[in-house]
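Please take these sequences and the hints and turn them into a complete structure.
Residues in the sequence shown are numbered from 13 upward in steps of one, following this note's numbering.
The hints are simulated quantities; they were obtained by calculation from the structure and are not laboratory data. Treat the hints with care, as some may be off.
So the derived label-pair ranges between C-beta atoms look like this [as the list claims (entries may be wrong)]:
| hint | residue 1 | residue 2 | range |
| --- | --- | --- | --- |
| 1 | M70 | S125 | 42 to 52 Å |
| 2 | H65 | P210 | 20 to 30 Å |
| 3 | K121 | K144 | 19 to 29 Å |
| 4 | R50 | T215 | 25 to 35 Å |
| 5 | R46 | G130 | 16 to 26 Å |
| 6 | T64 | G36 | 12 to 22 Å |
| 7 | K97 | V37 | 21 to 31 Å |
| 8 | S92 | A53 | 31 to 41 Å |
| 9 | D27 | D69 | 14 to 24 Å |
| 10 | E40 | G128 | 17 to 27 Å |
| 11 | E68 | N104 | 22 to 32 Å |
Here are the computed lysine-lysine pairs in the DSSO-like style, where the Cα-Cα straight-line distance is at most 27 Å [as the list claims (entries may be wrong)]:
| hint | residue 1 | residue 2 |
| --- | --- | --- |
| 12 | K131 | K144 |
| 13 | K120 | K97 |
| 14 | K132 | K121 |
| 15 | K120 | K132 |
| 16 | K132 | K142 |
| 17 | K132 | K97 |
| 18 | K97 | K142 |
| 19 | K121 | K144 |
| 20 | K144 | K190 |
| 21 | K132 | K144 |
| 22 | K142 | K120 |
| 23 | K120 | K131 |
| 24 | K97 | K121 |
| 25 | K97 | K131 |
| 26 | K131 | K121 |
| 27 | K144 | K97 |
| 28 | K131 | K142 |
| 29 | K144 | K120 |
| 30 | K142 | K121 |
Keep in mind it's a predicted model, so treat the numbers as computed, not measured. Glycine is no exception: its CB is placed at the ideal position from the N, C-alpha and C atoms.
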Amino acid sequence: MIGRITGVAIERGIDGCCVLDVSGVGYEVFVPLRTLSRLPAPPEPVTLQVHTHVREDMFRLYGFADALDRLAFRVMMGVSGVGPKLALAILNDLSAAEVSAAVAAGDKKRFASVSGIGKKMADRLVLELKDKLPALPAGATVAVAPAGPPPNGVAGDVASALVGLGFSRVQAEAAVAKVMSDHGTAPAPRDGASSEDPRPIETLIRQALATLA
Numbered sequence: 013m014i015g016r017i018t019g020v021a022i023e024r025g026i027d028g029c030c031v032l033d034v035s036g037v038g039y040e041v042f043v044p045l046r047t048l049s050r051l052p053a054p055p056e057p058v059t060l061q062v063h064t065h066v067r068e069d070m071f072r073l074y075g076f077a078d079a080l081d082r083l084a085f086r087v088m089m090g091v092s093g094v095g096p097k098l099a100l101a102i103l104n105d106l107s108a109a110e111v112s113a114a115v116a117a118g119d120k121k122r123f124a125s126v127s128g129i130g131k132k133m134a135d136r137l138v139l140e141l142k143d144k145l146p147a148l149p150a151g152a153t154v155a156v157a158p159a160g161p162p163p164n165g166v167a168g169d170v171a172s173a174l175v176g177l178g179f180s181r182v183q184a185e186a187a188v189a190k191v192m193s194d195h196g197t198a199p200a201p202r203d204g205a206s207s208e209d210p211r212p213i214e215t216l217i218r219q220a221l222a223t224l225a
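Given below as structure tokens:
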């Protein structure tokens, strides 16, 4: 499965589909419209966190500016009646932090304001997403990730996500170091090497956030 992709956005569609040129191969990736509007123009490359959606009759890539939006996308697809199209529609309007805040506040109207979501679905989202998303700072945003490998592998990805949420680099790296050490895994060296920690990045982000609460 594809988990991350770096390329140049050579095409953009009003439906959120963009084409990333990766070494001469064009990959169609569907992204939230608020992310699509921030993609840099060629020749500047962009890195997207990817969810690979596979069905018997479909293979589709969904791209996100950061791992938190991807986490929200995946969690929302676990709600009864929510598929990738509806989950992406929600993220067209709301960031992962805003989704989390709406759920925490029981703000059904916030979800109902999204095109394609009625009262019953808004009720279901608030009910079923409770306790499934990490508590994120209200209004937090993360810029589209620049190209190139993170300085510390998975640890660098987690630290960058925390910095994007408003924490200082010192706080972020300390939280990541604690999460890694508690599991007996040292952060990867600053040469782009991958960490050997087997936990998903979304789990590491949640655990790092818990140390900063």
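Hint check against the structure, violated hint numbers in rising order = Number 1 - this is the single hint that the structure violates.
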